[in-house]
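Chemist: Next come the chains, spelled out residue by residue.
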Amino acid sequence: MEIRDLKTNDEITWCPGCGDFGILNALKKVFVNLGRPLNQILLVSGIGQAAKLPHYIKCNCFNGLHGRALPVAFAAKAANPGLTVIVTTGDGDCYGEGGNHFLHNIRRNIDITVIVHNNQIYGLTKGQASPTTDPGFVTKVQAEGVVLEAFHPLAVALTLGAGFVARGFSADSEHLAWLIAEGIKFKGFALIDVLQPCVTFNKENTYDWYSKRVYKINDDPNYHPEDKDAALKKAQEWGERIPLGIIYRNQEKKTYEEKRGLLNKPALIEEDITRIDLKATLKDFI
Amino acid sequence: MERCELTIKISGEAGQGMQTIGMALCKLFKDAGFSIFANQDYMSRVRGGNNFFQLRVSHQPQYTLRQNSDILIALDKQSISLQKKNLSPSSVIIFDKQKFAIEEEGKNLFNAPLYDLALKNGESEIFVNSVACGLLTRMGGLDFVQLEKVLRSVFGNKGVEVVDKNIKSAQAGFDYAKNNFTSNKFNLPKATPREKLLLNGNEAIALGAIAAGVKFYSAYPMTPSTSIMDTVAHYAKNFNILVEQAEDEIAAINMAIGASFTGARAMTATSGGGFCLMTEGLSLAGMTETPVVIVDAQRPAPATGFPTRTEQADLGFLLHAGHGEFARVVFTPGSIEEAFYLTIKAFDLAEKYQIPALIMTDQHLADSYREIGPEELKASKVKRYIISKQDSGGITDYKRYKLTSSGISPQAVPSWINGLIYADSDEHTEEGHITEDAQVRVKMVEKRFHKKMLMLEQEIEGPKFFNLRGAKICLVGFGSTFGVLKEAVLTLKDEKVGFVHLPQVWPFPAAALQKLLKGARKIFTVENNAGAQLARLLRRETGIEADKSILKYDGRPFNVDYLVAQLKKR
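First to last, the protein sequences are chains A and B. Numbering that gives the first Met the number 0 puts the first sequence at residues 0 to 285. Numbering that gives the first Met the number 0 puts the second sequence at residues 0 to 569.
Source of the hints: derived by calculation from the structure; they are not laboratory data. Some hints here could point you the wrong way.
[Unchecked claim] Listed below are the simulated DSS-like cross-link pairs for lysine-lysine, each with C-alpha atoms no more than 27 Å apart in a straight line:
no., chain 1, residue 1, chain 2, residue 2
1, A, Lys282, B, Lys398
2, B, Lys398, A, Lys6
3, A, Lys264, B, Lys380
[As the list claims (entries may be wrong)] Just some of the chain B residues that point at chain A, by a computed CB distance under 8 Å:
no., residue
4, Val161
5, Pro192
6, Phe238
7, Asn239
8, Ile256
9, Phe260
10, Glu374
11, Glu375
12, Arg383
13, Gly542
Just so you know, even glycine gets a beta-carbon here, dropped at the ideal spot from N, CA and C.
In isolation and in its complexed conformation, chain A is listed as follows:
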């Protein structure tokens, strides 16, 4: 399989230069090297520019409602643990509309990989603040600047007990592909927040803005991604310097599938339901 084999016939509706292209390219690289048949991969998305991605790559896709990709992805994985389930979502979709599902699926620790296209702005609705927009940012709606504190996805994920927390940059698709591949390899909920410039509505957090600030944390031999205290510190680093890479990785927690014993019995979808017998069960009601 080569990258060109992954192309679909759908016209890509992103703006020219959109950071989403870098994420699509990274994902294609991952699929090429993953060694999994495409029919064993399921991409789940909600609504937003990020959520269109599954239409532009060959694999199974469920493109559902705004904010609701995670519950669909959770259940699809639980019903068929053999699938590789990946969520492509955005900062509005995942941290805003779907915030509650973000919290609780980290707690579940279902073995899925969540790629958040974080452009710090609402693109599809034309330029309002997102949960990750920096305070002071002026939009048509937030005319006097954003007054809410920014949402810190990596720190939130860490404090909820996520075992794989990473940040990528869409302009570095080689590095991003590595992060996604590591996320898929990780057994449990893997969060990859991706800095993804919106060329149309975010004139602050541009390619240039990010490029001047990002650095690769895993290049530092003294940084140990299994150290949670250090990770929590790095997860909150923002502004002058922004760390990229695997901020935290710890495989010690059991996955949802392990905790519920799903791997020791047939997948739900494999059960033959045409031979159910209630006789013994009904005796309990006598």
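Go by the hints and put chain B onto chain A.
Modeler: For chain B alone, kept in the frame of chain A given last:
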């Protein structure tokens, strides 16, 4: 005249164990061969307040409650003031003078040292329930061995000591009645013991779901739907079902859709408020053509309403819930048998037509117990409509939304077929990709809506009816009013009253009703709501105008005496 039925009410504070004693009595009378109908009336609190358990026992099949009780066991003072309006002249109130003094006087008061006997025989006041059970066993004319057997089975898993204390307390109550309550006016003639099940509506739905092959159940707890989840969870291990408590109802329905998309039969249950949160997901199931079964166990609304009480006011809501137009079915079971059978049918139709199938019940059906023969819960063999694993191998060029003459595009399971599956909440092409093409839109709407509705109309669960020939009044109801309609008609058998019960309200059985109501002289709808929603639906779908609607919206179910009185009042 020999007594042929008995209504017993046990009333007290939440936390005094009315449910346990009530269930023990249900089992006692059921095992002795009687028909029973029992219902718990509880407040939305864990301790205090006033709760009661009402049990009707008879030789005849029971479908509903009575207004008045024959025996009231008052475990606290306020039970008497609250319940005395629902007593008949021959009723008796059993209370414990040592526990609380009362102002009421009269020959129908029977003082029994319930708490003292509990302390003496069980060493704790909590055994007052068993004392009361013993008392009632004697008053109803049953033998103590019958009660002993029930107590052993109810408390068996709590250890020998607990069982012994319960039996000892019950024996003391039985003996006290034997020596002090000499009247045999509540004795029922002996019945023939039969092996019957004791089920409430929620348990019947849970069992129906298990029989239909539910593999994934996601829900957020909400009264009065929660015991469906409890029951499915209890058997989850035996049948390899995954039960997941969702973070909210939005997650619950989206999870069910996710599981169903992968090929597992999935359901969720809630009450009106939770269903409000599910409506976007309902629309998603319609758009993506993903099968899902949803139960709305109604309770009085708007908003939080009466959390533990009953109403049928979500009818209009369920017919129209979710934005946009798509096919759906709405079942409204009226009995334990229907709750079981229609749940199975909901799963079948959901998968066959790739639609959301809704089951609308209410607290009254959800929590009411009746005895039923195991043979009445026969489930037909589950039929699957998804492309089997075996057939998946040969499929090339799969299109999730392939346009077919029937409108049904076969549902494939991701990973089973070699091809890829794209499901989309946007308007989509046959391949499942986003489109804004007007022609495609028209075809997809017709497929999802028109074609499916036409087929669903051929599979309507027809109305049940009784005594319509020559009827002066025809009562029309849906859902949990089935029992009260039936008993009211039986009670008024000399007055030419018939009834029609609708176990399904969407697609609406318009043709069947036009036929059934053709000769009706007067049509009265009977509804547990304030807006006469069924009467309006009937007019909209058939042009038939109901002459009157008997409406009850106090949060309490109809009972046969109330309905008969309403009918006689005219």
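Chemist: Run every hint past the structure and note whether it holds.
Modeler: Here's how the hints hold up against the structure:
With a CA separation close to 45 Å, the supplied pair lysine 282 of chain A and lysine 398 of chain B exceeds the 27 Å bound. Between the alpha carbons of lysine 398 of chain B and lysine 6 of chain A the distance comes to roughly 17 Å, so the proposed pair stays at or under 27 Å and holds. As the CA atoms of lysine 264 of chain A and lysine 380 of chain B are separated by approximately 24 Å, the hinted pair is consistent with the 27 Å bound. The interface hint given for valine 161 of chain B is broken, as the beta carbon of that residue sits about 20 Å from the closest beta carbon of chain A, more than 8 Å.
Hint status for proline 192 of chain B relative to chain A: violated, with the closest Cβ pair at about 12 Å, above 8 Å. Given the 8 Å rule on beta carbons, the hint for phenylalanine 238 of chain B holds: about 7 Å separates it from the nearest Cβ of chain A. At its closest, the beta carbon of asparagine 239 of chain B sits 6 Å from a beta carbon of chain A; the interface hint therefore holds under the 8 Å criterion. The closest approach between the C-beta of isoleucine 256 of chain B and any C-beta of chain A is roughly 6 Å, which is under the 8 Å cut-off, so the hint is satisfied.
Interface hint status for phenylalanine 260 of chain B: upheld, as the beta-carbon distance to the closest one in chain A is roughly 6 Å, under 8 Å. For glutamate 374 of chain B, the shortest C-beta to C-beta distance to chain A is roughly 10 Å, which exceeds 8 Å, and the interface hint is violated. With its C-beta approaching chain A no nearer than about 11 Å, glutamate 375 of chain B sits outside the 8 Å limit, and its interface hint is violated. A hinted interface residue such as arginine 383 of chain B counts as satisfied when its beta carbon comes closer than 8 Å to some beta carbon of chain A; here the least separation is about 7 Å, so the hint holds.
A least Cβ separation of about 38 Å between glycine 542 of chain B and chain A goes past the 8 Å threshold, and the interface hint is therefore violated.
Hint compliance for this structure: hints 1, 4, 5, 10, 11, 13 are not met, and every other hint is.
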